[in-house]
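Asker: Following the UniProt record's numbering, the numbering of the sequence shown begins with 1 at its first residue and continues without gaps.
Think of the hints as simulated: they come from the structure by calculation, not from any bench. Yeah, the Cβ is synthetic: ideal placement off N, Cα and C, and Gly gets one too. Some hints could be false.
[Stated by the list, open to error] Once the Cα atoms are required to be at most 30 Å apart in a straight line, the calculated DSBU-like pairs of lysine-lysine come out as: (1) Lys81 <-> Lys16; (2) Lys81 <-> Lys109; (3) Lys172 <-> Lys65; (4) Lys232 <-> Lys151; (5) Lys24 <-> Lys185; (6) Lys172 <-> Lys207; (7) Lys113 <-> Lys81; (8) Lys109 <-> Lys232.
[Said to hold, decoys possible] Across the chosen pairs, the derived CB separations fall in these ranges: (9) Met189 <-> Leu247: 18 to 24 Å; (10) Thr196 <-> Glu132: 20 to 26 Å; (11) Ala208 <-> Asn231: 14 to 20 Å; (12) Ile46 <-> Asp116: 29 to 35 Å; (13) Ile139 <-> Ser173: 27 to 33 Å; (14) Asp212 <-> Gly150: 39 to 45 Å; (15) Ser217 <-> Glu195: 19 to 25 Å; (16) His15 <-> Asp192: 15 to 21 Å; (17) Asn175 <-> Asp116: 36 to 42 Å; (18) Glu124 <-> Asp2: 22 to 28 Å; (19) Glu252 <-> Gly102: 22 to 28 Å; (20) Gln153 <-> Met189: 38 to 44 Å; (21) Glu252 <-> Asp69: 41 to 47 Å; (22) Asp69 <-> Glu21: 28 to 34 Å.
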Amino acid sequence: MDISVIKIGGNVIDHKENCTEFLKLFAHFPGVKVLVHGGGVMASRIGSSLGIVPNMHNGRRITDKETLDVVTMVYAGLINKNLVAELQAYGQNSIGLTGADGNAITSRKRPIKDVDFGFVGDIENVNTTLLETLLGQNIAPVFSAITHDGKGQLLNTNADTIASEIATALAKSHNVKLYFCFDKKGVLMDADDPETLVPLINEDIFKALLQDQVIHSGMIPKLENAFNALNKGVSNVWMGLPENLLLAAKGENAGTTIESL
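Using the sequences provided together with the hints, build the complete structure.
Answerer: Structure, rendered in structure tokens:
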């Protein structure tokens, strides 16, 4: 089975018109597919309105108990169910999931090292049987960035990591392509200048850009997850604007292609 795993960023979700256009595109994207969504922008805004200030470290959210409550409500409830409802309207049968639903994704609470990330989960297992059953019926799983530890505890998990781990797990038996869609043309040398697009990145280029601080914040885990997926059998990884997704699927130059060495 040819499978596309598509991750959509919170900045796109936060703009209604952009989100609607993406969902229309996703609904008609060829083949079977999985959607993974973020929502950090909305979670931060709603959390701040409740007096819960977002706390980030190298692009990753530190999640205390109050923050976990907020991200669970926003990711798994408000965002996830609205995405699924809209996809149904565009003819794509979908099911909204967290990692706890169907025991889809189990994780373990990240151990404290230099930083205590709180209720953050590192993925241990993806239930590919569940995903294959849904995909076999052309039902698109729509995952929010919430997993569980199998012991009753929900955990906040980076959405890029969820997309990468789902793609990696499915790649053991299928041809899988992974797409990261966000509000930039791809990886940029200058985040404010879309003409500075880096069309292709391998791990050596990534390390050099990281050292020069061209790549920082949320782009760090995004690229780490991209290389992890490639190194574990995913056939193709791409990053860019959601409106360029079909061009990327056809192999045309639009966005940033990630390559292993």
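Asker: In ascending order, which of the hints set out earlier in this document are inconsistent with the structure?
Answerer: Of the numbered hints, 3, 7, 10, 12, 13 and 19 do not hold.
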